[in-house]
Amino acid sequence: MGLIDIARSKSPWILHFDAGACNGCDIELLACLTPVYDVERFGIINIGNPKHADVLLVTGTVNKRSARVLRNLYDQMPEPKAVVAIGACALSGGVFHQCYNILGGVDAVLPVDVYVPGCAPKPEAIIEGVVMALGRMQEREQARKRGAA
Amino acid sequence: MAQRTVIPFGPQHPVLPEPIQLKLTLKDEIVEEALPHIGYVHRGVEKAAERMDYTQNVFLVERICGICSFIHALCYCQGLERLMGLEVPRRAAYLRVIWSELHRLQSHHLWLGLYADAFGFESLFMEFWRCREMLMDIFEKTAGSRVIISACCIGGVRRDISDQHLQETLDTLEALEAAFDKSSDVMLNDYTVKKRTVGKGVLPADKAILLGAAGPVLRASGVEQDARQTGFAAYDELRVEPVVETAGDCYARAKVRIRECRQSLDLVRRAIAGLPDTDIAVRPKGRPNGRTISRVEQPRGELLYFLAANGTQKLDRLRVRTPTFANVAPLVHMLPGCEVADVPVIVLSIDPCISCTER
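Residue numbers (the numbering used here), protein chains in the order written: chain H, 5 to 153; chain F, 31 to 389.
No lab work stands behind these hints: they were computed from the structure. Please note that the accuracy of each hint is not assured.
What the hints assert, rightly or not - Distance condition first, Cα-Cα at most 30 Å in a straight line; then the derived BS3-like pairs of lysine-lysine:
#1 H:Lys68 / F:Lys77
#2 F:Lys315 / F:Lys77
#3 H:Lys68 / H:Lys55
#4 F:Lys212 / H:Lys126
#5 H:Lys85 / H:Lys126
#6 F:Lys344 / H:Lys68
#7 F:Lys344 / F:Lys315
#8 H:Lys68 / F:Lys53
#9 F:Lys212 / F:Lys230
#10 F:Lys230 / F:Lys57
#11 F:Lys237 / F:Lys224
#12 F:Lys224 / F:Lys57
#13 H:Lys126 / H:Lys55
#14 H:Lys55 / H:Lys149
#15 F:Lys225 / F:Lys237
#16 H:Lys126 / F:Lys171
#17 F:Lys53 / H:Lys55
#18 F:Lys57 / H:Lys55
#19 F:Lys212 / F:Lys171
#20 F:Lys230 / F:Lys53
#21 F:Lys212 / F:Lys225
Stated by the list, open to error - Some chain F residues near chain H, calculated using beta-carbon distances under 7 Å:
#22 Pro47
#23 Glu48
#24 Pro49
#25 Gly69
#26 Arg93
#27 Cys95
#28 Ser385
Stated by the list, open to error - What follows is a list of derived Cβ distance ranges for each label pair:
#29 H:Arg148 / F:Asp58: 43 to 51 Å
#30 F:Glu254 / H:Glu132: 43 to 51 Å
#31 F:Glu369 / H:Asn53: 18 to 26 Å
#32 H:Pro82 / F:Glu271: 53 to 61 Å
#33 H:Ala147 / F:Tyr221: 54 to 62 Å
#34 H:Glu128 / F:Glu198: 20 to 28 Å
#35 F:Arg269 / H:Arg72: 47 to 55 Å
#36 H:Arg140 / F:Leu240: 52 to 60 Å
#37 F:Glu62 / H:Trp17: 31 to 39 Å
Glycine included, C-beta positions come from ideal geometry on N, C-alpha and C.
Please model the entire structure based on the sequences and the hints provided.
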């Protein structure tokens, strides 16, 4: 594992996008950053710029209007990247699954690496989701390097 | 020569946890016009409420907004209880007040933190959110969940709070108040904070009424209006005086919310002290029929539900009017003339809850 890979696994920067949530998951996600959970201990920083981000955290169902923004954000993130879907709505649409404006879960638009269930999931679960996503990201990166060699 | 630029503010922006887009037309650094574009979190809750049973809808309306979910459920249940002629037991009414006020406290803490973050005071943000976790622990202890507590049901509340948990709640509030004194002092008296908030985004009282502002935004402009005065749940016995400030700027809006936090602390204590010993719920009988309007006070202002039932299991119509929607028009009025660096502070000062607005 090269230096950059090590650095990335020790300090992943996250980008959060609310694709149509009720706020519950967003607030729990923000709570992860604050003193009681404090993910900055693990080098995790919430960043506003998709071009600096490693992990995309998506909360909420995807609707027709937010799908375009979500796709756009994902495309702007540099490789390697991972997507974590947070909460019942991001998994399948949750309580809103048959509403007219809903396309479905996040996987209707993006390839999802980790699904964090719950309504709303606890901050501990969200942190574990990010850590799992890092593992997936690393595996993929190593496989890509082996393929290139 | 001054140059005109259009800047899209949002939908994905570090200061906004939720997506809303403001197209800002700038003349150099000064905002000339702000146009809101919404629809990023529209889910279609009102239509879904016609498809589901009226009992299932309690869980649906809770998920309109995760910050004040209990108050949404309260407003909906209250409307249905009126249609079905149910008298809620007094203990349930008091428990509803306790949970509502705890939700208001946690929502205001959340807002004060985000607001501090909007003008770049990160340690104050962390401090408010550290205190907020105490409230989340109360929710988890008393209702079993941190965010969406599902404690309200048609005819009362789903669970009781034991005496031991009531005592622990009081102890936690004691610790919370001590911490709140310190951090709210910074918010109100710090030189830098005042520089960023005093005189920014002024909304005069006549404009606030004309544009239909609600909640703390309206009260910070000097208009005395609070839906809790109508005396729903147990507010008829626990009287509430509206918190009013007159300046109408961002500083006044923060001050209103800080004073409301103290009011909520007081209300929770009074409600716990006067908690009657009755049942916590009555069983609903029959089906709802007729039309009604239900009003409650949310942390962000007045929430209004219109319910139309037809005597079957499904409702004809559920209409939700949320306070943030009422506050978008005042926001569009506040922005022109301000500097672009003040836009996040002014946007945050109305406490936007987009998931409520768009449902």
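(request) Could you tell me whether the CB distance from H:Ala147 to F:Tyr221 stays inside 54 to 62 Å? (result) With Cβ atoms ~55 Å apart, the hint holds.
(request) Sort out whether H:Lys55 lies within 30 Å of F:Lys53, counting only the CA atoms. (result) 22 Å, holds
(message) So if I understand the rule, the pair passes when the alpha-carbon distance is 30 Å or less; does F:Lys224 with F:Lys57 pass?
(response) Given that 30 Å is the threshold and the Cα spacing comes to 26 Å, the pair holds.
(request) Would you mind confirming whether the straight-line C-alpha gap from F:Lys212 to F:Lys230 stays at or under 30 Å? (result) Answer holds: F:Lys212 to F:Lys230 is near 24 Å, not above 30 Å.
(request) Grab the minimum C-beta distance from F:Arg93 to chain H and call the hint holds if it beats 7 Å, violated otherwise. (result) It holds, given that the least Cβ distance between F:Arg93 and chain H is near 5 Å, below 7 Å.
(request) Would you check the hint for F:Lys57 and H:Lys55, treating anything up to 30 Å between C-alpha atoms as holding? (result) 28 Å, holds
(message) So if I understand the rule, the pair passes when the alpha-carbon distance is 30 Å or less; does F:Lys212 with H:Lys126 pass?
(response) Status holds; Cα separation ~28 Å.
(message) Next item in the hint list is F:Ser385. Is there a CB on chain H closer than 7 Å to its CB?
(response) Holds. Min distance 5 Å.
(request) Decide if the proposed pair is consistent with the structure: F:Lys315 and F:Lys77, CA atoms, cutoff 30 Å inclusive. (result) 25 Å, holds
(request) Compare the distance between the alpha carbons of H:Lys126 and F:Lys171 with 30 Å, and conclude whether the hinted pair is satisfied. (result) Roughly 14 Å between the alpha carbons, so the hint for H:Lys126 and F:Lys171 holds.
(message) Against the range 20 to 28 Å, how does the distance between the Cβ atoms of H:Glu128 and F:Glu198 compare: consistent or not?
(response) At roughly 22 Å between Cβ atoms, F:Glu198 and H:Glu128 fall inside 20 to 28 Å, so the hint holds.
(message) Checking hints one by one. Is F:Glu48 an interface residue toward chain H, by the C-beta closer than 7 Å rule?
(response) 5 Å, holds
Of the numbered hints given earlier, the model fails none.
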